[in-house]
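**Student:** Chains as they are written, first to last, in this note's numbering: chain A, 55 to 169; chain B, 15 to 124.
Simulated from the structure, these hints should not be mistaken for laboratory data.
Careful, some of the hints might be misleading.
[Said to hold, decoys possible] On the chain A side, residues computed to face chain B include the following (Cβ under 8 Å):
#, residue
1, G96
2, L97
3, Y102
4, G105
5, N106
6, A108
7, P115
8, D117
9, F119
10, L145
11, S152
12, P162
13, G163
Just so you know, these numbers come straight off a predicted model, no measurement behind them.
Every residue, glycine too, gets a C-beta built ideally from N, C-alpha and C.
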Amino acid sequence: GAGVSQSPSNKVTEKGKDVELRCDPISGHTALYWYRQSLGQGLEFLIYFQGNSAPDKSGLPSDRFSAERTGGSVSTLTIQRTQQEDSAVYLCASSTGSGHLYEQYFGPGTRLTVT
Amino acid sequence: LAKTTQPISMDSYEGQEVNITCSHNNIATNDYITWYQQFPSQGPRFIIQGYKTKVTNEVASLFIPADRKSSTLSLPRVSLSDTAVYYCLVGDKGNTPLVFGKGTRLSVIA
């Protein structure tokens, strides 16, 4: 079946502009996660959703970052007033449940470059 | 969460067995050990998960000694396509975000 998809695959934006990144999880997966990965680094957790609610927003680096999920499906990560340090690959993952024991299925990521 | 330590990089020739060891001295009673694999320009992919002793699937084996303070991911007869970063993670069912370190970069050489 279809995996996790993300769009756009690449995004180049000017410093100070807003960007929206989209994630389409696997159908039926109730948990959805956002991570980001800077060059050569491990993954940094940003936020996760169980259904449409976000029990854990602890990883969002600043109030410029926000995310929402509608209909228990698609999620959008919005970064306002982008800064150069926001440049990274943003990865979305989904799973059938929340918690370490559930396998997370990752999308291919959105590569964001802020110039 | 238990901290994990694994080698930064490893090299191997094609056809060899590769063992990547992860140290997790502070692992808790309810923690499980999970390994993910990440190819260049892709998101990570689940490989294997275990609690104790040995787990084997079609991709790899996971060896966990009795004290569970370390674990070893074993990849049999690696090929060039196994070149990737391998992450060791530790957590229990209540730990929701996966905590990734920098992983081990495995390079397979022809």
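**Student:** Work down the list of hints and note, for each, if the structure agrees.
**Tutor:** Results for each hint:
Evaluation of the G96 (chain A) hint against chain B yields a held restraint, the C-beta minimum of about 4 Å falling below 8 Å. A hinted interface residue such as L97 (chain A) counts as satisfied when its beta carbon comes closer than 8 Å to some beta carbon of chain B; here the least separation is about 4 Å, so the hint holds. At a threshold of 8 Å, the smallest CB-CB gap from Y102 (chain A) to chain B is about 6 Å, leaving the interface hint in force. This hint is violated: G105 (chain A) has a C-beta 13 Å from the nearest C-beta of chain B, more than the 8 Å allowed.
Checking N106 (chain A) against chain B by beta carbon gives a least distance of about 16 Å; that is not within 8 Å, so the hint is violated. Interface hint status for A108 (chain A): violated, as the beta-carbon distance to the closest one in chain B is roughly 11 Å, over 8 Å. Checking P115 (chain A) against chain B by beta carbon gives a least distance of about 14 Å; that is not within 8 Å, so the hint is violated. With 8 Å as the threshold, the beta carbon of D117 (chain A) stays out of range of chain B, its nearest partner Cβ sitting at about 20 Å, so the hint is violated.
The beta carbon of F119 (chain A) is not positioned within 8 Å of any beta carbon in chain B (closest approach about 15 Å), and the interface hint is therefore violated. Nearest Cβ of chain B to the Cβ of L145 (chain A): about 5 Å, under the 8 Å cut. The hint holds. With a cut of 8 Å, the hint placing S152 (chain A) at the interface with chain B holds, because the nearest CB-to-CB distance is about 5 Å. Because the beta carbon of P162 (chain A) sits about 6 Å from the nearest beta carbon in chain B, less than 8 Å, this interface hint is met.
For G163 (chain A), the shortest C-beta to C-beta distance to chain B is roughly 6 Å, which falls under 8 Å, so the interface hint holds.
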